[in-house]
Amino acid sequence: MILLALADPGRVARGQAIGPGFELERAGRYADAASVYFTTVRSDPTNIPALLGLERTLFVLNRMPELLPLVQTARARQPDSPALRSLELRVYAALNQPDSLEAIARRWAASAPQSEAPYREWGLALADRRMWDEARHAFLTGRRILGGDGTLALELAELEQRAGNWEASAAEWARAVTRSPDVGPNAASQLADAPAPLHDRVVRVLTGPAVSMRARRIGAEVLLTWAQPTAAWAAIQPTLAFPDTEAPAALRRFADLAGALTTPEGHRVRGLALARWADMVPWSLGARARAEAVRELLDGGDKVAARRVLEAHSDPNGIAQAALIQLLIADSQLDIAEERLSAAPATLTADDRASLRLALAKARVARGELDRAAAALDDDSSVAAIAQRGWIALYRGDLKSAMEAFRAAGPYALDRAAATDRTAMMAMLQRVQEESSPELGAALLTLARGDSVPAIAALRRAAARLPEQGGRLEVLLLAGQVAAQKGGDQEPTAIALFDEIVRVGGEGAAPPAAELEWARLLVRDGRSAEAIPHLEHLILTYPNSAFVPEARRVLERAKGAIPKS
Amino acid sequence: MKRRDFVKAVGRTVGLSVGAGVFGFRPTVRLSDSPSLLIPMDDAQSDHLKAYGLTYKAIQAGLKAEWLLNYRGGSFLIPDLDALRRDAALNGIRTEPVDSAMTSVRGEIEANNMDAVPLEKAPKVAVYAPPNAAPWDDAVTMALQYAGIPFTKIWDGEVMNGGLKDFDWLHLHHEDFTGQYSKFFLIYSGMSWLAEMVQRNSDMAKRLGFQTVPDLKKAVARSIRGYVENGGFLFAMCTATETIDLALAAHDVDIAATYADGTPLDADADAKLDWRQAFAFMSAHIETNPLVASFSDIDGHQVNGGARRQPLGAFKLFNFSAKIDPVPTMLVQDHRQVIPDFYGLTTSFTRNRLKPGVTILAEEEGAPWVKYIHGDLGKGTWTFFGGHDPEDPQHQIGDPPTDLSLHPHSPGYRLILNNVLFPAAKKRELKT
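Each protein sequence line maps, in turn, to chains A and B.
Just so you know, the numbering used here puts 139 at position 139 of the first sequence, and the rest follows in order with no gaps.
Just so you know, the numbering used here puts 1305 at position 305 of the second sequence, and the rest follows in order with no gaps.
In short, the hints are calculated from the structure, not lab data.
Keep in mind that the hints are not guaranteed to be accurate.
[What the hints assert, rightly or not] Computed footprint of chain B on chain A, listed as stretches where at least three residues anywhere in the stretch have a Cβ under 8 Å from a Cβ of chain B:
(1) 43-55
(2) 162-172
(3) 526-540
[Claimed, not checked] Which bits of chain B does chain A cover? Going by a derived footprint, with three or more residues having C-beta under 8 Å, they are:
(4) 1219-1228
(5) 1285-1294
Note that the structure is predicted; figures quoted are calculated from it, not measured.
We put the CB at the ideal spot given by N, CA and C, even for glycine.
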């Protein structure tokens, strides 16, 4: 510090002098802060921090005219300082003297004929005063004098956006990105905020016939952020016909953005993008991307495109083998899938192998092939396989083994929906005293295979063999839920089943659950007035039931007290 | 009871009762000793919003109820009847039977910054909204619907034909009383909902004999002002707060953009505004750009003001003296004192645009704006609450409606419902 002070004592003194000004300004004591800044400027007329401090404080105090002579003096002393030139423009703008402002800006431009800075600062000073038309004139003057379609496009894009002219903003962003690809992400992110009613117009600007490839890619990204993946893919595709050096990076970014979409359409478009990207990058990267593309295409329900990707590329490393077997299972070619799985190369990961075995077992169950389903799981000891073995045991009627397997699998195996299904089934089985019930197992298998109507009848038959408080009501409830979900001519069956359960009553969860389902069915059919007494009966009869909060919501909806969701 | 008499009389009466207490008098209000149900409004309550509906139903049925200001979050006391218990059970409202325990409750109320206000007349509620507006279009109708408080929708026709006199309480929400269609006309041009809004308003103006929609809305604003002067309770949110004052102040000035009335706005409009006519604001500057969905610098947040837009913070409710200032105390009863802010076309009110004498009920500390204000006009009162939906802070056009069954403890919605019940409060009789 001593050495520094010796080297430039004036600078330290100035720093110390201006410090309290910042503190006073931060405390909201603008007049006191301005006094400090004035003192500093008197001893050092070109002190930019002090002049900027005056710009801030005098604006608040409505004393901007006092700043003008100081800034003019400073600028005369340092005519090449862009900071002082900009400040001078802002002061004129604050004083609402647009004519003088223009004269000053043009004088600056004459001294720096190749620079955009005078026009940029001139326009920004006006834009900060919300003088949109005047600011536009300043930027466009710069563009005309300096030449170049993309000159000051970034500034114009932001100006038009602030003024609410989203189409004009999009056109300027298109120019800006054509001039400099670095502004692409910013352009996409800014335009994503356009109001929904203007989306079509903005897209038309970015994807019209005359726009550059870069602009079109921005249009595609914006469409993705608006959750329009198919339109986005249509927008980016023409830019890939003769790929330029920017295409791989643009496509990868597109695929990453599509990853945020969880709809089948989103998965499909991401799969298409990855497959195309895989063709542009080295083989090792491409093979992985292709495998991911197949998975995405399958998730998007486009088996044809997935097959096309697989068929177009042999895969000696086996990275796409998993995707191919997944495709075969989805196509119900289970025997071929099984063969491929046993002959799969060692490069297939253990996780892929386990996941394919599980998918195969589920597909076998759907066909009613319980033994082959069990065999497909092999000696897999994962919790997912244990849970699947539980379902197989259940369908065989071995209720005890099913419960043990579900317990062993725990509540976190597989996804939340699968865990919920297991928990619901365990809740039902807990009420059933028998260790074995082939009728119930067969009925549940019929249900699992999607044969709802025969399943309802089979569940009713199985329930009839169980004691009233020993699982019968729970099995009837399941039958009723299936019938209600089926709707149509099954609705009377559902209502008869719910009615039976509610009339029997008792301490289990089935009666309030049945009454809630009954009410939901009535609401769904537009018979809300009939549903209300059921819901009120449920709430008042079973005040401690876990179904009461949901019953209250349905009641609110039936009464019209909350919107339909 | 003359509705508005309560507002001032209650302050005087309570002031006397406090003083009288020192000399051995008891409070002027005698609370019933019959079995009662306490509806706690602190964190023990399982559905704060429906609790207001239950209390409303009790007084609507001609029963006596009391509002225990500042006691357990502003609890209610209603008679212990089977029908009310059943209603509470069905709606998931927590109630606590009290009889002998009330003695100590009353002692606590007497000894602290609390008070017991009798509620006796269920106010007749009107909501100013276009005929086809869904109940989910604004926060107040949602709150009323959810709480089960009946209301009648009225619009320009009813207002201009003197229909307001049939109601105790009037609510305004996002109506633009400057007649500029919330300044969405240019931004959302071509949208069917906007076209419908323009058509509906133009038809109404024609039917009622006004040349332009801005003229009609100014006349409606004047009628609403007259309603308050004659003793009405006005509660406004969102754009209605700012634009009704702009419309009143602009009675002889054109502040509407060309698209709204066919003529450009008066270049000297700011200077010609007559703020004596306004409820709450003064000296504001009009936003003249028809492409910016903002009306003036009354709103502190300028949600559509581009770079002027301010981020959301949290607002804090003031703590008033229950025995001296019962009206503002009622309006700020809540189980939370600091509440997250929420945007609206008008989100907040700039401090230096408030008229002297306006009571600030809630503010963002350190910010140049306030959130919730109240005042008197003639025999009536008005309350303005900035923002659109307390549980949808970034509300956008087309957003799904808020499902209040997912927000039964909403402290922001409680403030709305305080306003509905406050006109039910009975003035206290002066001891002479």
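Checked hints:
Counting residues of the segment 43-55 of chain A whose CB lies closer than 8 Å to any CB of chain B gives 0, which falls below the minimum of 3, so the coverage claim is violated. Here the segment 162-172 of chain A counts 4 residues with a CB under 8 Å from a CB of chain B, which clears the bar of 3, and the coverage holds. Counting residues of the segment 526-540 of chain A whose CB lies closer than 8 Å to any CB of chain B gives 3, which reaches the minimum of 3, so the coverage claim holds. For the segment 1219-1228 of chain B, the assignment as covered by chain A is violated, since 0 residues bring a beta-carbon within under 8 Å of that chain's beta-carbons and 3 are needed.
For the segment 1285-1294 of chain B, the stated coverage by chain A is satisfied: 3 residues place a CB nearer than 8 Å to a CB of that chain, which reaches the threshold of 3.
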